[in-house]
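Novice: The numbering of the first sequence is the numbering used here, which starts it at 115 and goes up by one.
Just so you know, the hints here were simulated from the structure itself, not pulled from any lab data.
Beta carbons: idealized from backbone N, C-alpha and C, even for Gly.
Treat each hint with caution, since some may be false.
Claimed, not checked - Simulated restraints on C-beta separations:
{"no.": "1", "residue 1": "148", "residue 2": "117", "range": "19 to 27 angstroms"}
{"no.": "2", "residue 1": "322", "residue 2": "117", "range": "48 to 56 angstroms"}
{"no.": "3", "residue 1": "326", "residue 2": "149", "range": "35 to 43 angstroms"}
{"no.": "4", "residue 1": "447", "residue 2": "118", "range": "19 to 27 angstroms"}
{"no.": "5", "residue 1": "228", "residue 2": "322", "range": "25 to 33 angstroms"}
{"no.": "6", "residue 1": "485", "residue 2": "213", "range": "22 to 30 angstroms"}
What the hints assert, rightly or not - In silico PhoX-like cross-links for lysine-lysine, where the CA-CA straight-line distance does not exceed 20 angstroms:
{"no.": "7", "residue 1": "383", "residue 2": "277"}
{"no.": "8", "residue 1": "262", "residue 2": "383"}
{"no.": "9", "residue 1": "480", "residue 2": "451"}
{"no.": "10", "residue 1": "435", "residue 2": "474"}
{"no.": "11", "residue 1": "137", "residue 2": "435"}
{"no.": "12", "residue 1": "451", "residue 2": "504"}
{"no.": "13", "residue 1": "515", "residue 2": "451"}
{"no.": "14", "residue 1": "282", "residue 2": "189"}
{"no.": "15", "residue 1": "451", "residue 2": "435"}
{"no.": "16", "residue 1": "520", "residue 2": "510"}
{"no.": "17", "residue 1": "515", "residue 2": "504"}
{"no.": "18", "residue 1": "520", "residue 2": "504"}
{"no.": "19", "residue 1": "383", "residue 2": "265"}
{"no.": "20", "residue 1": "484", "residue 2": "474"}
{"no.": "21", "residue 1": "435", "residue 2": "526"}
{"no.": "22", "residue 1": "262", "residue 2": "282"}
{"no.": "23", "residue 1": "510", "residue 2": "526"}
{"no.": "24", "residue 1": "277", "residue 2": "185"}
{"no.": "25", "residue 1": "137", "residue 2": "265"}
{"no.": "26", "residue 1": "277", "residue 2": "265"}
{"no.": "27", "residue 1": "282", "residue 2": "265"}
{"no.": "28", "residue 1": "289", "residue 2": "262"}
{"no.": "29", "residue 1": "484", "residue 2": "510"}
{"no.": "30", "residue 1": "480", "residue 2": "510"}
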Amino acid sequence: MPLSTKAYKGARDFYPEDMRVRKYMFAVLRRVVESFGYQEYDAPFLEAFELYAAKTGDEIVNEQLYSFTDKGGRKVAIRPEMTPSVSRMVAGRRQELAYPLRWYSIPNLWRYERPQRGRLREHYQLNVDLFGEAGISADFEIILVADKILKAFGAGPDMYEIKLNSRKAMDGSLKSLELSEDQVSSLVKLIDKKSKMESSDFTSAVAEQIGQPKAEQLSSYLEGKMPPEPVERLLNLLNNSGVNNAVYDPSVVRGFDYYSDIVFEVYDKNPDNNRSMFGGGRYDGLVGLFGVEPVPTVGFGMGDVTLRNFLEGHNLLPELKTETDVAVILIGDVFIKAQPVIESLRAGGLNLAVDSTGRKLDVQLKHAVKAGAPFVIFIGEQELAEGQYKLRDLAKSEETKLPADKILEAIKRA
RNA sequence: GCGGGAGUAGUUCAACGGUCAGAACGACGGGUUGUGGUCCCGUAGAAGAGGGUUCGAUUCCCUUCUCUCGCCCCA
């Protein structure tokens with residue numbers, strides 16, 4: 115058997131056309147996030163296994179973590195999420211950082227999953243976190259950043275919905291039911307699944323867990339239209355800022371155990387892709403796990419796979435050009451003589467790919483077209499003698515003869 | 001971990017229990033070594049693997065592998 119040319123299961127090769135999309139998406143993300151004053155950081159791809167055992171959630175640690183023992187006998191894991199790493203970093207400099215701290219990163223994360231649409235074993239995830247600000251204004255800012263990102267991609271308010279809840283408020287309601295800790299945690303998982311279940315199935319599953327009378331109490335909470343106080347204030351702030359597609363949804367809980375108060379999820383409203391796209395919330399307790407004073411924190415993670423599905427589903431991805439501006443076609447044996455012109459065009463800021471194969475012109479042209487360069491410059495003996503070169507605009511099929519400086523101008527205009 | 005679907009040229013697909021498994025697109029080359037995306041001609045290129053049924057299997061059956069969609073969970 116020859117070696118396989120396929121990428122590892124659930125992981126992607128980024129051929130140039132895919133890489134262009136990725137670069138475009140990351141550029142929009144960086145632009146928006148940085149406009150709110152966030153600074154980029156990164157952390158190692160590998161972390162100590164215990165970092166995740168602590169607080170991430172059992173399923174991820176036991177079944178989805180890529181982990182191994184290194185040559186020094188340390189148990190390590192490939193990061194399945196960024197939040198523990200960034201919490202570790204903040205805790206490490208707890209006393210010397212200037213709060214509020216606005217940090218972001220776009221790490222590549224790995225989870226051992228069964229791949230399917232919108233979920234691979236590897237993805238890039240924009241992580242945006244605001245540390246050191248306990249007030250609702252921080253939650254507001256984080257959700258506003260998420261909203262601004264989608265708008266920056268051209269999304270309209272009818273394309274997605276922001277669902278908000280407060281874990282604290284929910285825990286309060288659950289507490290009044292006087293349940294055991296086990297009952298609470300299985301109930302939270304059940305509530306998380308509510309939107310995917312038939313409502314009668316949900317009701318009976320709840321009744322089975324906690325008994326009929328309490329189940330009725332719970333369902334009146336879940337059907338409540340009146341948001342708890344912090345969610346109410348958040349909704350007001352968002353409405354004030356032109357975010358009108360945010361709603362209170364008492365069934366939003368998020369999978370990770372570390373969320374402590376406000377949680378939110380952004381839903382794609384495309385009927386073909388109706389799913390939770392990404393989300394986040396407040397996790398005030400995580401930094402404190404490292405033995406330092408806790409730092410109140412709110413943040414979100416946005417995966418590139420679901421984001422791309424969203425953009426494609428709503429037709430929001432633009433046509434993307436190659437990095438190459440110009441393909442240079444040499445006529446005859448002028449490779450050496452043409453170097454000074456080529457160099458001066460590069461110095462002027464153009465990205466030039468020179469065809470030095472000496473193939474027939476039509477073949478060179480065909481390849482230039484296929485490679486996607488928008489312009490072609492022909493350089494032959496005659497052009498070199500005149501100091502004027504043929505510039506061809508492949509889109510318009512126009513050919514003009516210009517000196518090097520005019521060529522620079524013409525291409526930059528286009 | 002559980003369930004559905006699919007594996008035929010590089011890609012998307014087709015036909016067929018029995019001559020040489022076809023096509024389109026793509027690749028490569030040619031159509032007078034100074035001009036592409038239209039046109040003409042040519043060349044190369046395929047049954048995931050293993051087993052069974054059969055005179056004969058790409059076709060039917062089983063196993064396995066891979067991909068894919070869904071469930072679980074999540075981004």
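Novice: Each hint needs a verdict: does it hold in this structure or not?
Specialist: Hint by hint, here is what the structure shows:
1. For the pair residue 148 and residue 117, the beta carbons lie near 42 angstroms from each other, so the given range of 19 to 27 angstroms is not met.
2. Taken as a hint, the range 48 to 56 angstroms holds for the pair residue 322 and residue 117, whose Cβ atoms sit roughly 52 angstroms apart.
3. Restraint check, residue 326 to residue 149: a C-beta distance of roughly 52 angstroms breaks the suggested window 35 to 43 angstroms.
4. Checked against the hint of 19 to 27 angstroms, the pair residue 447 and residue 118 fails, with Cβ atoms roughly 43 angstroms apart.
5. Taking 25 to 33 angstroms as the suggested C-beta distance range, the pair residue 228 and residue 322 conforms, at roughly 28 angstroms.
6. Checked against the hint of 22 to 30 angstroms, the pair residue 485 and residue 213 fails, with Cβ atoms roughly 49 angstroms apart.
7. Restraint check for residue 383 and residue 277: satisfied, since their Cα atoms lie roughly 12 angstroms apart, inside the 20 angstroms limit.
8. Proposed proximity of residue 262 and residue 383 is supported: the alpha carbons are some 17 angstroms apart, at most 20 angstroms.
9. This hinted pair does not check out: residue 480 and residue 451 have alpha carbons roughly 24 angstroms apart, beyond 20 angstroms.
10. Proposed proximity of residue 435 and residue 474 is contradicted: the alpha carbons are some 26 angstroms apart, above 20 angstroms.
11. Restraint check: the Cα-Cα separation between residue 137 and residue 435 comes to about 11 angstroms, which is no more than 20 angstroms; the hinted pair holds.
12. A threshold of 20 angstroms between alpha carbons decides the hint, and for residue 451 with residue 504 the separation of about 16 angstroms falls inside it, so the pair holds.
13. With a C-alpha separation of about 18 angstroms, the suggested pairing of residue 515 with residue 451 holds against the 20 angstroms cut-off.
14. A C-alpha spacing of about 34 angstroms is found between residue 282 and residue 189, which places the hinted pair above 20 angstroms, so the restraint is violated.
15. A C-alpha spacing of about 30 angstroms is found between residue 451 and residue 435, which places the hinted pair above 20 angstroms, so the restraint is violated.
16. For the hint linking residue 520 to residue 510, the alpha-carbon distance of about 18 angstroms falls within 20 angstroms, and the restraint holds.
17. Taking the CA atoms of residue 515 and residue 504, the gap is about 4 angstroms. The hint holds against a cut of 20 angstroms.
18. Between residue 520 and residue 504 the alpha-carbon distance is near 11 angstroms, which keeps this suggested pair within the 20 angstroms criterion.
19. Between the alpha carbons of residue 383 and residue 265 the distance comes to roughly 15 angstroms, so the proposed pair stays at or under 20 angstroms and holds.
20. Annotation: proposed proximity of residue 484 to residue 474 holds, straight-line Cα distance about 16 angstroms (limit 20 angstroms).
21. A threshold of 20 angstroms between alpha carbons decides the hint, and for residue 435 with residue 526 the separation of about 14 angstroms falls inside it, so the pair holds.
22. Straight-line distance between C-alpha atoms of residue 262 and residue 282 comes to about 26 angstroms, which puts the hinted pair past the 20 angstroms bound.
23. Proposed proximity of residue 510 and residue 526 is supported: the alpha carbons are some 16 angstroms apart, at most 20 angstroms.
24. Restraint check for residue 277 and residue 185: the C-alpha separation of about 46 angstroms exceeds 20 angstroms, so the hint is violated.
25. A hinted pair counts as satisfied when its Cα atoms are at most 20 angstroms apart, and residue 137 with residue 265 qualifies at roughly 18 angstroms.
26. Proximity of residue 277 to residue 265 is assessed by CA-CA distance (about 17 angstroms); at most 20 angstroms being required, the pair is judged to hold.
27. The suggested pairing of residue 282 with residue 265 is violated, with an alpha-carbon distance near 30 angstroms, which exceeds 20 angstroms.
28. Straight-line distance between C-alpha atoms of residue 289 and residue 262 comes to about 36 angstroms, which puts the hinted pair past the 20 angstroms bound.
29. Between residue 484 and residue 510, the direct Cα distance comes to roughly 16 angstroms. Compliance with the 20 angstroms bound is thereby established for this hinted pair.
30. Note on residue 480 and residue 510: the hinted pairing holds, with a Cα-Cα distance of about 16 angstroms set against a maximum of 20 angstroms.
Of the numbered hints stated above, those contradicted by the structure are hints 1, 3, 4, 6, 9, 10, 14, 15, 22, 24, 27, 28, listed in ascending order.
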